[in-house]
Amino acid sequence: MNRNGHMKITTRSIELQTSGFTHIIDITPQLQELMLNDQFNEGFVLVSAIGSTTGITTIEYEPGLVKHDISEMLDKLAPYGVNYRHNKTWGDDNGAAHLRSSLVGTSQTFPFKDGKLLLGTWQQIVFIDFDTRPRSREIVVQIIGRP
Amino acid sequence: MNRNGHMKITTRSIELQTSGFTHIIDITPQLQELMLNDQFNEGFVLVSAIGSTTGITTIEYEPGLVKHDISEMLDKLAPYGVNYRHNKTWGDDNGAAHLRSSLVGTSQTFPFKDGKLLLGTWQQIVFIDFDTRPRSREIVVQIIGRP
Amino acid sequence: MNRNGHMKITTRSIELQTSGFTHIIDITPQLQELMLNDQFNEGFVLVSAIGSTTGITTIEYEPGLVKHDISEMLDKLAPYGVNYRHNKTWGDDNGAAHLRSSLVGTSQTFPFKDGKLLLGTWQQIVFIDFDTRPRSREIVVQIIGRP
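Protein chains in written order, with numbering that gives the first Met the number 0: chain V, 0 to 146; chain A, 0 to 146; chain R, 0 to 146.
Quick caveat, the hints were computed from the structure, so don't treat them as lab data.
A hint or two may mislead.
[Said to hold, decoys possible] Each computed PhoX-like pair below joins lysine-lysine, with the alpha-carbon atoms no more than 25 Å apart: (1) R/Lys115 <-> R/Lys7; (2) R/Lys87 <-> V/Lys66; (3) V/Lys7 <-> A/Lys75; (4) R/Lys7 <-> A/Lys75.
[Claimed, not checked] Covered by chain A, per the in silico footprint, the following chain R stretches (three or more residues, Cβ under 8 Å): (5) 40-50; (6) 100-109.
Each residue gets a CB set at the ideal place from its N, CA and C atoms; glycine is no exception.
Model the full structure from these sequences, guided by the hints.
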């Protein structure tokens, strides 16, 4: 039997309400659920956040890192409340959010097998909203693999 | 009908002339065109820049960010004109370019559906040349999906 | 002949012993070997490190960058030996390792064709161990492509 004879692709999405200012949300359970719903066994999950003030990465999802340390690190590089040239272009106040997004990246791909994401025990996939106000966000989740 | 019965793969490239020093170029239109030329409907576009002084990310492509803010942020981390150990190894002067490239990353994957890249309205895919001189560059664009 | 009629997927892994503290290891030869063993000609290689204190990126693998410059850049952002909130949560001492991992990213995808990874001459794929002690590490390598 050619176990690779049934490669398929699906495109789904996750919607989130966020509060901005480097708000970090664990999306691992939703990703795991989408994969099972579409009956994939083995393949790639591409997680791609819509918007130029967003981020996708992995982190140990505990409050010390998520609510303090990540923000303090990024404050050194791209502090909020500074008058960036971006802010002058548009009358916006979110230059810091764009800079953080370009550095962290808005999409990442993860492997799964036997219907399970291959991650470390303390490694969660997170969405980050860097913007300076609450937003409704969409994350595209595209899966290529075999059942 | 199994709409996933026709998964295919193509490998293309984009060539660019750049001026270096964190030169940021919007490549979204070329990517969109390659996808349509190869008659893909739904899948992954892998965008991978050749060379260890390059970067691929997304940004709102407006001059404030592209010509000023990104460079100022990266100057804090890996300024040009500093005598890095890399420069001593080779007699090069581009240690800053290598550091920026390793941090931003040289490849990223994006989803598309109905023949369109799934991005935010203000979110463009960009190539960045971090090197310290003009270069001819190649970006590999590999697409896996269905027609 | 439909050269795309045989898309397949394999999941492999690389195991490494590391010494931590931003230990950078060139894994390009192992990746190249896995691809040839599984008889792939063209496709995506997804390289995903297990663990929230790891990183995957590309770099010119020479000692100046690998043993000095990368560490000095990251020391500005997330120095070792600082009392992060993460350390207070767990009694750990590796907050810096988590921050570096979230910034660099733990997975990246690369294209190959004619059985060869498409990289620059001076561009190697590296695993980075940011943790504060020696570790046994696993990197998942998943390949989707055609023979």
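Status of each hint after checking the structure:
no.: 1; hint: R/Lys115 <-> R/Lys7; verdict: 17 Å, holds
no.: 2; hint: R/Lys87 <-> V/Lys66; verdict: 13 Å, holds
no.: 3; hint: V/Lys7 <-> A/Lys75; verdict: 45 Å, violated
no.: 4; hint: R/Lys7 <-> A/Lys75; verdict: 44 Å, violated
no.: 5; hint: 40-50; verdict: holds (count 3)
no.: 6; hint: 100-109; verdict: holds (count 6)
Hints 3, 4, counting from the list given before, are not met by this structure.
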